[in-house]
Amino acid sequence: MVASLYGVDAEQPILCVVAESAPGQLEPITLELLSKGREMAGQAGWELACLLLGHENRDLADEAFAYGAQQVWLADHPLLEHFTIEAYAAAAFQAITRFKPGVTLFGATPNGRDLAGRLAVRLRTGLNADCSDLELNRNSGVLVCQVSGFGGGVLALIEAPHHRPQMATIRPGVFSRGSPDYSRSGQLLPVEIEIREENLRTHVLRRVSGESVDLTSAPVLVAGGRGMEGDFEVLRRLAEHLGGEVGATRPPVDEGHIERERQIGQTGVVCSPDLALCCGISGAFHFVVGIEKAGTVIAVNSDPQAPIFEFSDYCIVGDVHLILPALLARLEKVPNA
Amino acid sequence: MPELHTVVCMKVVPKPEEVRVNPQTRLLDRANARSEMNPPDMNALEIALQLKDRYGGRVSVISMGPPYFEPVLRVALAMGADKLYLLSDRRFAGADTLATTYTLAQGIHKMGGADLILCGEESSDGATGQVPPGLAEWLDLAQLTLATQLDLDLDSRLVFGRRAVTGGYEELQVPLPCVVSVRTASNEPRFMDYRIKERAMQEDPITVWTADDLGADEAMIGLQGSPTVVSGLVQAPSQERKRIYLEGSNEEIVKQLLNLLREVL
Amino acid sequence: MDQLEEVVIADERWERLLELTGNAAATCYQCGTCTAVCPWGLVRQEPLSVRLLVRKAQLGIPDQDGQLWLCTHCAQCEAHCPRGVNVGQVIDGLRQLIWEQNQAPFGLPTMLWSLYWNNNPWSQPPSQRSLWAEGLGLPRFDPEQHEILLYAGCTASYDRRAQKIARAVVKILQAAGVTVGYLAEEEPCCGEPARSVGHTPFFHELAERAANTFERNGVAHLVTISPHCYDVFRNHYPRRDPNFHPLHYTQYLANLVEEGRLQFSGQVDQRITYQDPCYLGRYNNEYQAARHTLGAMPGAELVEMEPSAEESLCCGGGGGRMWLETEAGQRFGDLRVQQANQCGAKILATACPFCLACLEDSVKASRMTEIRVMDIAELALQAL
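Chains as they are written, first to last, in my numbering: chain H, 1 to 337; chain W, 1 to 265; chain A, 1 to 384.
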């Protein structure tokens with residue numbers, strides 16, 4: 001049996017969240033994991049730690065304490081200013097092997113998954129990806145992860161009883177963020193990190209955000225059809241509020257209301273958003289194949305016979321020109337909806 | 001200049017919608033499920049073949065799995081890959097990503113290494129996405145994950161890739177040899193070349209290696225080499241659309257909608 | 001005026017094209033009639049130069065500018081060619097060369113992969129192929145018990161709109177007392193989508209497999225929903241059982257009407273015009289079956305579009321175009337529904353799932369309220 005670099009007998013009763021940050025702030029996923037981590041650690045009688053990797057990032061420790069961390073392991077190094085897999089893996093490895101947490105959690109983000117994936121092998125331990133739930137058993141100290149597979153058709157419970165740390169990645173939005181308490185504080189432990197520039201093999205030449213349309217990775221799709229009668233402005237604003245993208249069926253594209261890159265369906269884009277809001281769309285086959293894999297489908301159409309309702313989880317027989325503006329008005333009132 | 005050798009890691013998976021969990025035994029029942037090539041691996045193979053079109057060289061496909069993988073994997077040869085390596089041994093069974101990446105790494109060592117190792121972003125069954133970084137770690141190579149585009153500078157031994165990140169992308173430069181994972185659906189895989197298909201499916205020899213052929217440490221493969229253990233398995237609730245109609249006045253509907261949105265997002 | 005460009009005639013490529021086209025381009029003397037009658041000239045400034053495509057085949061020049069993929073296989077050109085050139089075969093040969101060069105248009109490789117992995121061109125799960133028949137009491141085909149095999153085909157199996165045709169046909173057959181079964185999940189794709197995009201070797205592989213399945217199941221009399229499936233079964237399948245006798249469902253219904261097994265007692269009372277499917281009409285010379293069936297429906301007044309029958313305008317769905325995007329303003333269907341409207345029809349009757357999809361789309365896009373598209377089977381069900 002393969003053995004992890006440190007085992008159950010050497011582990012500390014610490015649950016560590018490996019933080020992701022942007023300049024001056026912790027990413028929402030980190031706040032969510034800290035909140036959940038605090039709950040789990042509390043129930044098991046463990047402590048919650050937050051590993052901060054960055055440069056001149058000491059201020060972030062306050063945020064981590066506020067969200068429940070009892071320890072912050074601070075790795076502050078110029079080579080950690082931007083994410084590179086080599087620097088972050090080296091630093092995280094050094095911190096984890098020093099403090100030997102029983103559990104480490106990562107965001108299932110592009111960087112988080114890369115980091116966790118590489119570390120798990122370096123540590124010779126088990127890693128569970130995209131967990132939909134977690135439970136830390138207070139008696140055994142075993143982390144049970146709920147994971148879905150086969151496109152969501154199967155739910156599995158997975159654990160790594162003999163290997164440490166027990167590692168898991170979690171998608172943003174799975175757990176909710178608790179309320180911060182800025183009066184909280186904790187132990188700030190600086191971590192000396194050894195990284196050399198010549199060991200960094202990845203060079204980031206350029207970072208680009210928000211440039212081209214990528215409907216395939218949008219978590220929310222607000223799609224409009226003929227029933228919108230060209231009013232895509234309300235859909236654009238809805239999409240903005242919901243953190244998603246606007247898509248369309250072929251007729252509005254033909255009529256020039258929206259770009260062809262946003263056409264969804266057989267001859268357009270096939271995507272799998274968590275939420276697809278279909279407005280004024282009848283639901284012909286060649287459109288539906290574009291959103292079949294969506295998590296939840298909500299459809300609004302004035303025609304009760306519209307085929308789209310067969311493919312929807314929630315059906316609204318109504319006038320898009322009344323319902324959508326009303327919805328938008330409510331969303332605009334509530335900040336951070 | 002030695003020719004470019006690209007290795008593509010591929011997996012044969014069951015069609016996800018056909019996999020069942022046996023309610024009595026609580027075991028996965030994939031006996032009746034049709035098999036297919038893991039779709040993101042097809043995207044990885046397409047990139048490898050495009051690189052071969054541009055820069056020449058050869059493409060090897062490697063896979064860890066039982067013999068029934070073979071007819072599906074031969075599709076890769078029909079698409080234009082040059083060689084197929086199947087790592088097949090009962091002792092490889094039950095492997096999680098730690099054991100799988102270890103085994104694949106041994107296979108790549110035995111091949112004599114490669115300039116570029118491509119993987120699909122994740123597989124449609126486990127969907128962990130852990131194989132590419134894990135493999136890179138075993139091989140002590142640089143990595144470039146979630147690549148949508150790749151360019152090579154063979155003289156400088158560099159890969160230039162576009163990596164998809166939340167809300168945008170990064171342009172990275174990484175030295176060869178390295179491991180690259182290819183973003184799902186980032187290209188359209190070419191169809192098989194029917195001038196070579198018959199030969200690819202029936203005649204071309206393939207290389208099958210066992211654990212002994214690889215000189216693999218038995219403690220590191222299969223169930224032995226897997227820290228993670230499945231302690232429970234259930235069929236997820238039906239994927240059928242709910243078809244719930246929201247009733248009431250427009251204001252009431254908007255209220256229900258808001259609650260729904262809060263729940264889902 | 002065509003621009004002059006330097007062209008290199010390569011022996012190898014010339015020979016390959018000769019092989020792939022079966023030398024179909026040989027007898028063409030470049031009169032240009034094909035270009036003149038091609039429907040693309042009706043919807044675009046620049047007609048599709050079919051003449052040039054045939055010339056390229058004669059000279060062994062691959063088509064690089066994508067015009068090749070506009071062809072909907074409507075065979076209007078073949079019908080008028082004074083030399084009887086099999087233009088379709090020339091187009092398919094040129095397309096097959098493009099496949100060999102790995103330069104097919106985006107979307108078509110995905111469609112072929114879907115045929116390979118899913119046994120249908122729509123990327124739908126193979127395990128869900130028979131769901132359309134739920135609740136109809138349609139049994140698995142047994143040659144000892146059933147007069148005919150109903151072959152639904154991929155589009156009628158998966159496209160919600162087209163499923164209604166298949167269900168209507170089943171109900172009509174049951175009402176007429178016909179013993180019918182189907183192959184359910186084991187129904188093989190006929191392979192026509194592969195043929196329609198010029199991938200002839202893959203088509204032959206699919207056809208072999210399907211022919212084996214039919215043989216294994218003792219299928220002799222087979223009734224299809226789509227004229228595309230009917231055409232390949234009738235004309236391009238390996239000859240096995242001499243008793244293998246495919247029919248399109250409109251032909252079978254017309255027979256039932258003739259034999260008195262199918263009687264229409266309901267009133268239809270509509271002005272109806274019929275869209276001749278290219279694959280039934282020009283390809284198989286079948287213009288009467290649907291008309292006879294319509295004629296037997298009480299109150300149905302049959303009017304003809306201008307043009308109709310042998311000169312019928314293609315809906316635009318053949319030749320693989322159901323998997324390619326056609327620009328707005330260039331759709332044959334838009335023109336066809338105008339023609340339907342002009343002849344005073346209230347119902348545009350179709351006998352092909354592609355015609356149904358394309359023409360319904362055009363009616364909606366043109367915002368026509370006076371005319372409705374219905375399939376012959378749906379009308380027949382109403383008239384029962």
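Since the hints were derived computationally from the structure, they do not count as laboratory data. As the structure is a prediction and not an experimental result, all values here were calculated from the model. A hint or two may mislead.
Computed, partial: chain W to chain H, Cβ under 10 Å [what the hints assert, rightly or not]:
#1 2
#2 4
#3 28
#4 31
#5 35
#6 132
#7 154
#8 220
#9 257
#10 264
All C-beta atoms, glycine included, are put in the ideal place defined by N, C-alpha and C.
Query raised in the report: For this structure, which hints from the list above don't hold up?
Result: Numbers 1, 2, 4, 5 and 7 - these are the hints that the structure violates, sorted from lowest upward.
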